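Student: Sequence:
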Amino acid sequence: MQTPQKIAVVGSGLVGSLLAIYLKRAGHTVHVYDRSPDIRTIQLSGRSINLAMSHRGWKALDDIGLGDEIRAIAIPMDKRAIHLVGQPLAYQYYGKDGESIYSLSRGLLNRTMITLAEREGVEFFFNQRVWDVSLADATLHIGETERGAWDDLKYDKVFGADGAFSRVRHRMQRQNMFNYSQEFLKTGYKELNIPANEDGTHKLDKNSLHIWPRNDFMLIALPNLDGSFTCTLFMPFEGENSFESLKDKETLEAFFAKYFPSTVDVIPKLVEDFFKNPTSSLVTMKCFPWTFNDKVALIGDACHAIVPFYGHGMNAGFEDITELNKLMQQYGDDWHTIFKEYETIRKPNADAIAELSYRNFMEMSSKTADERFLLLKKIEKRFSDKYPDKWLPLYSRVTFSHRPYSEALEIGDRQKAIMDEVMLTPNIDQIWDSPEIEQKIMQLLAEKG
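Numbering (the working numbering), first residue to last: 1 to 449.
Hints are computed from structural coordinates only; laboratory data are not their basis. Do not rely on the hints blindly, as some may be mistaken.
Straight-line C-alpha distance at most 20 Å; calculated PhoX-like pairs for lysine-lysine [what the hints assert, rightly or not]:
| # | residue 1 | residue 2 |
| --- | --- | --- |
| 1 | 203 | 269 |
| 2 | 6 | 157 |
| 3 | 347 | 295 |
| 4 | 440 | 381 |
| 5 | 367 | 390 |
| 6 | 378 | 440 |
Across the chosen pairs, the derived CB separations fall in these ranges [claimed, not checked]:
| # | residue 1 | residue 2 | range |
| --- | --- | --- | --- |
| 7 | 186 | 413 | 18 to 26 Å |
| 8 | 87 | 436 | 29 to 37 Å |
| 9 | 27 | 165 | 30 to 38 Å |
| 10 | 251 | 386 | 46 to 54 Å |
| 11 | 87 | 119 | 47 to 55 Å |
| 12 | 42 | 430 | 54 to 62 Å |
| 13 | 245 | 69 | 42 to 50 Å |
| 14 | 177 | 251 | 46 to 54 Å |
| 15 | 205 | 251 | 24 to 32 Å |
Model, not experiment: these values are computed from the prediction. Heads up, the beta-carbon is just placed ideally off N, CA and C, and yes, glycines get one too.
Full structure from sequences and hints, please.
Tutor: Set out below in structure tokens:
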């Protein structure tokens, strides 16, 4: 048990709320500040991408006894459902039997996490704008406007869990030797909706993550408890097939009829939602260091925002909390060591999942529709099922294990080199399941370590 301290968490999102619960359980007084209203009191704005909870996220919840309460609002998805134009629906299973990722409404989960944190005794302060932080003494400066009067709120520790455009990090960026970068994709996203049937059932298979892959753009759909699906259209901002090119009702309807014909009957408010909902951007943000002395630390998107194509933004943020909690238990009141170890352990893994997420856009938007890629996956799955101690596919290593992301990236690159070589075998489509291919993989594994 640590000596109780007074700790502020800036940001009431998923990571901030869960972190607050962990800190409260450790015996601290915890105050959470957010510049927005209480999410439980507002109508969401139509700019969300549903979450996909996997092993790393569940561990952080299960370790503190909250997993079952969250599973009650989650829907398991054990496969991708691939929608191609003019072809039958195809399914691609994620892992072994029983392995699933779980669809969660971001808004519903966030509301639930805040309520659970309040149940623990965490205090929330909404509509409170943090304009600056005095790093040396963990003091928050809060006020109505950036140039008006501020209240100074002194704490023992401050955690910045305030997202990709964090005010806490903004203050840290003004320190000497602070490295920071952000890179926006030329692809943006827009939320759409598939409503439930009249009887409340889902219009599509509810245990699948649905993908309409179209190379430079794609549509995805994840199920909700009420029978609806939250859809996200990812497209370039500019160019031939882009948000810029879809200027009016006629162009939009013709575009969907051509590229997403199977959605025409299931997205009744396409035009209304498309022109009402904002077009949002996607950013990868990296920085270092993540801490200042034993006073201030960044966590989640505030120090490693990533694009959503592996579904691991939340999972990576929750894993930050798992690792931080281990260090709190190991080092007790030595917060200097806790913070230094935390950023040292997590930084390489945050960089690795950022790279993996960026790459996975290509897999989701184009490779899921490519016959040779699907054959490669069949070969890999066959070998992995037969020799699980020798081969774990990259997706499973990232999603269905707790091994470091950095390890997954390194081993994944090595496995990719092996499979690229295997795919060069003459007549591979005819002999893919033969002992010859099995032996070739064994040989390449031995050669490439």
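Student: Looking back at the numbered hints, which does the structure fail to meet, lowest number first?
Tutor: Hint 5 alone not satisfied by this model.
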